[in-house]
Amino acid sequence: MAKNKITTSKIIINLMFIIYALFCIVPLILVLSISVTDEMVIFQNGYSLIPAKFSLAAYKYVLSGSSTLLNAYIVTIIVTVVGTFCHLFISSMLAYSLSRKEVKYANVISFLVFFALLFNGGIVPQYILLTKYLHMKNTILVLIFPYLVSSVNIIIMKNFFKSTVPDSIVEAARIDGSGEFSTYLKIVLPISKPVLATIGLFVAVFYWNDWFTCSLYIEDNSLYVLQFLLQSIMNNIQYLQSNDMLQKSAASLPSESARMVTCILAIGPIILTYPFLQKYFVKGLTLGAVKE
Amino acid sequence: MKISKKFTLVLTLLFALSVVLMGCSNKSAEVTKEGDTTEVKKEEPKKEEVKVEEPVELSWYFPNSPQQGLDGVNEALNEILLEKINATVKLNLTDWGAYDQKINVMMSAGEAFDLVFTATWSNNYFQNAAKGAYLPIDDLLDQYAPNTKKAIPDFVWPAVTVKGKIYGVPNYQTMAPGYGIILRKDFVDKYNFDWKSASKLEDVEPYLEAVKNGEMGIIPLEYSKNSDMFKSTSGYNGMDTIGDSGMPGWMYLDDNEYKVVNQYDTPEFKNHIKLMRDWYMKGYMRKDAATLTDQGPDRKAGKIAAIFGGIDLDSNDFEAAGLDFPGRFKGLSDVEGYDKKFGDCLLNTDRVAATITAISSTSKNTEKAMQFLELMNSDVEVYNTMCYGVEGVNYKKVADNRVETIAEGGYQIWSNWEFGNNLNAWYTEASAEGEEVDNKGIKMWDNNNKTAAVSPLLGFVFDGESVKTEVANCNSVIEELLYALGSGSVDPDEYQPIFIGKLQKAGADKIIAEKQSQVDQWRKDNGK
Amino acid sequence: MKSNKKGSSFINEISKNKSFYGMMLPGMLFMLIVNYIPMFGLVIAFKEYNPVKGILASKWIGLKNFEFFFVSNSAFTVTFNTIFYNAIFIITGLGFALLFSVLLQETGSKMMSSTYKSLMFFPYLLSWVVGQYILFSLLSVDKGLINNILEFFGKEPVYWYAESRPWRFIIPLAYMWKNVGYFAVIFVAGVTGISSEYFEAAEIDGASKFQQITRITIPLIMPIVITLFLLQIGKIFYGAFGDWGMFYNLPMNSGPIFSTTDVIDTYVYRSLRLMNDFGMSSAVGFYQSIVGFILVVASNLMVKKYDPDSAMY
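Residue numbers (this note's numbering), protein chains in the order written: chain A, 214 to 505; chain B, -5 to 522; chain C, 9 to 321.
Bound conformation, chain A alone:
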């Protein structure tokens, strides 16, 4: 009855959201606009939301190395998908086991997990480990492996399992003859969609945006990831111009807009998958999010 009344508070609330939503989206539109604006116009007038003069020159330049770009997309997608799934799988198994009271050493192991969070040996020991002993340098594995488990994620999942998985269900499954792993897989995981979705997204975004690992460990250009390649293109433009002995190329290089083109290309696929992502993500979250 009160639901559809247009009150002042409703107007204010909606206004606030509209402003905030614009705040979130306008910068992106700006970037898109710059990427298709003619270079000279940018130089003279600065950046603007609507391109004064349309030009696809920047896209042509950046995409001229398109086969490598496509390859980078593929590598990044594989790393993200495989990495996220494995991370969730391994972490949740550990976290679930730690949440079970009947596991005597759970407390000790929980502490060890926690402790690992606090002290980090740094890049060099990690490099020595991954390169010298595990021989992962220059393989696709090195992009996934170092990030397969995270203390924080385990602890969060552990707490979630503790509070959301009623002993009664587990007991009932045991009585039915289900093994622990089977229980985990068939009963616990499905009701844990919220935490899996949350952590999963967090990890996926991390994998997608990680360029540092690639810069350190990958030398084979067929294994370059997207963000790294795009950064490389940017440095390439810079370098091309800063070398004193350099020769010209045909047209005036669209540098300002090219910067923005690389941004758009980095975001690109995310925009496309976004609708699906949102549906699944929110659905996953809402399914039994908070216990009654």
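Some hints could be false.
[Stated by the list, open to error] Ranges between beta-carbon positions, derived for each pair:
id	chain 1	residue 1	chain 2	residue 2	range
1	C	F78	B	T260	27 to 33 Å
2	A	I242	C	W68	56 to 62 Å
3	B	R517	C	A306	54 to 60 Å
4	A	V239	B	T260	47 to 53 Å
5	A	I232	C	W68	54 to 60 Å
Keep in mind the hints are simulated off the structure, nothing from the lab.
Don't be surprised by glycine CBs; every beta carbon is placed ideally from N, CA and C.
Mind docking chains B and C on chain A? Use the hints.
For chains B and C alone, kept in the frame of chain A given last:
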């Protein structure tokens, strides 16, 4: 139940996929190795009973921008190398932005690799040599690279000697720049600027003013963090940088007492930043110059009208040699220009050690590596393949020693200075007309190297290990304030005192004192 | 019987719960390899590390590596910034997200709420490399949108990348831009999961909207809030997952604003980049871990007081 079955299936598939992928990447590595050995096997029957040796694969790390055609060049290079020294090389071109960090980590981890590019400004040669990261190559040079050694003038070697040993092969090139200004011909002519009589930076002001007022969208004077106009031109102010040009502690070239001073506290610096501020306020420089590291885009787009920096041979020199020189702007913005040198050329340690190739102390193939360097520095075919690529694919030959690069070939690396002895380099479309005849062009800079004034400190190398705390903290202060001052973006009256104060607090005086005592010791040891 | 107890109870336990231990094995093995083994590399912080000699044989120099950081101009500033920004992020990030999630229920239109959510969430997916250029397109001194607008209204353009004070606001705003949407979406899921029976009962009892929000909504989604709170705390120093990208990329390495944008990570990266001294960077990494440790333990204690089940340890 249905969901979980699917889930497990998907997981298993993904696991399988990742395992397969891992297998694939290993396989492809194997395939190339097999390819190498089969090649050698094929060649064997042709040769006489030479010892059956597996070809060695050397790894070479150097920074540059990604080149699409690199693989093709690598292959071509390897064909030649296999024949000549029964070895191949893996060209590990690393992105500029990632190079320092990557090599640092590799060396800290003690990873095995063979050759690496090193310099005073990237992957610090002196520090790494002192730490033992590079192999001392005195004996190897004599044994495997006599031609390389001979071809490099004697005065070069002391500049790369650390504690009595040589740790790298300098890529011999022009190393005695003077300092001056390059201007765009079209603007100079349009505004009738008398470039020939400009003899110091201030003299260029009328030109800058004219360009500022008359040309829309053109930046009169370039500023770049990478080549700050004060930091990179110590010779212009009559000083030697004594190593890393940013570190406090320079010396006046004409000072017989060899006194080390804080360059940021000199009248030269003060005047310079005042001038920069004045010009910044007048709009002669880009407003956000201090934050951008890529001045390149503007050059490419032809937006720059003047650049101040190192010039070894200017337009006058070329004119005197009877060569038609289009000016350095031709290579930067594809317009002609006039290059005017302000002072005399100077040879100092910093320039000499600017481009070196070292052998890592972790290398497992030190002799082969040196043999490779011998080829790269004395074999015309090997060196120019590295510089220009494959004939027909990456370049077109227009004369015996002149080429025209092909854009679609994907290998316009323009880095002869990075690979070997430039005396052997072919000329390109960026060279002056006729420069290649009688090797005129090369002879000119070679001659310049040999006749330029020599810094009294040539051969002195500063060891900063004992003041590394102060150096680290000073680096931080310099990053914070130097570029803001050097680009005129902030008020020098307000910020210079702050800058000096912070440097003091960071221990600049300690560094200077240390430099002084090392210089004094060096003088004693060398009878200066 | 007693003498056998210790040995056999360990074996008993493992065999009794072997499925669980089996499930834990991959994770534990991983942590051992990737976290614990390299941890011993922390000794580099106390040594004059020479890669040729290796970690063990390098000279032990005690606290000398820590010296440079603590005598520097900036030790206090960067530590303060690190703690200050993280605190602000957590408070404003979670605070606004909580507010939004509650208000999203009150817009009166499911479709509008859904749209808002989608738009707000989007920035979360972008990397800070992208974020840096977005910010640059706004703040560039001669081309940026903001200065263009200022000039349009007759005001002087501001050299944003040289004024340090605005950045105390710019950085939190940027953080919010990226993360609030994400938090809000999670909270909303939590809020919609709350049974409407509670609200109906409360209305019948005469509770006002405000009271409903504070007495029902907020307490019930607290576990999620705490979860995210802990996640953010953990990010402070787990460099890879953390927001190092933001502090490194956004200020575009502009010197004059270091006093308000530098955190421990970026300071160390800069001063040591050209020096290649891993002893010193390890030392600061160690220091950072200590700072982080204190923060985590402190926040964990706070959380324990509120809800022991949600605490980390």
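A quick look at each hint next to the structure:
1. C:F78 <-> B:T260: 27 to 33 Å: 31 Å, holds
2. A:I242 <-> C:W68: 56 to 62 Å: 57 Å, holds
3. B:R517 <-> C:A306: 54 to 60 Å: Check passed, 57 Å falls within 54 to 60 Å.
4. A:V239 <-> B:T260: 47 to 53 Å: Holds, at about 48 Å.
5. A:I232 <-> C:W68: 54 to 60 Å: 59 Å, holds
No hint from the list above goes unmet by this structure.
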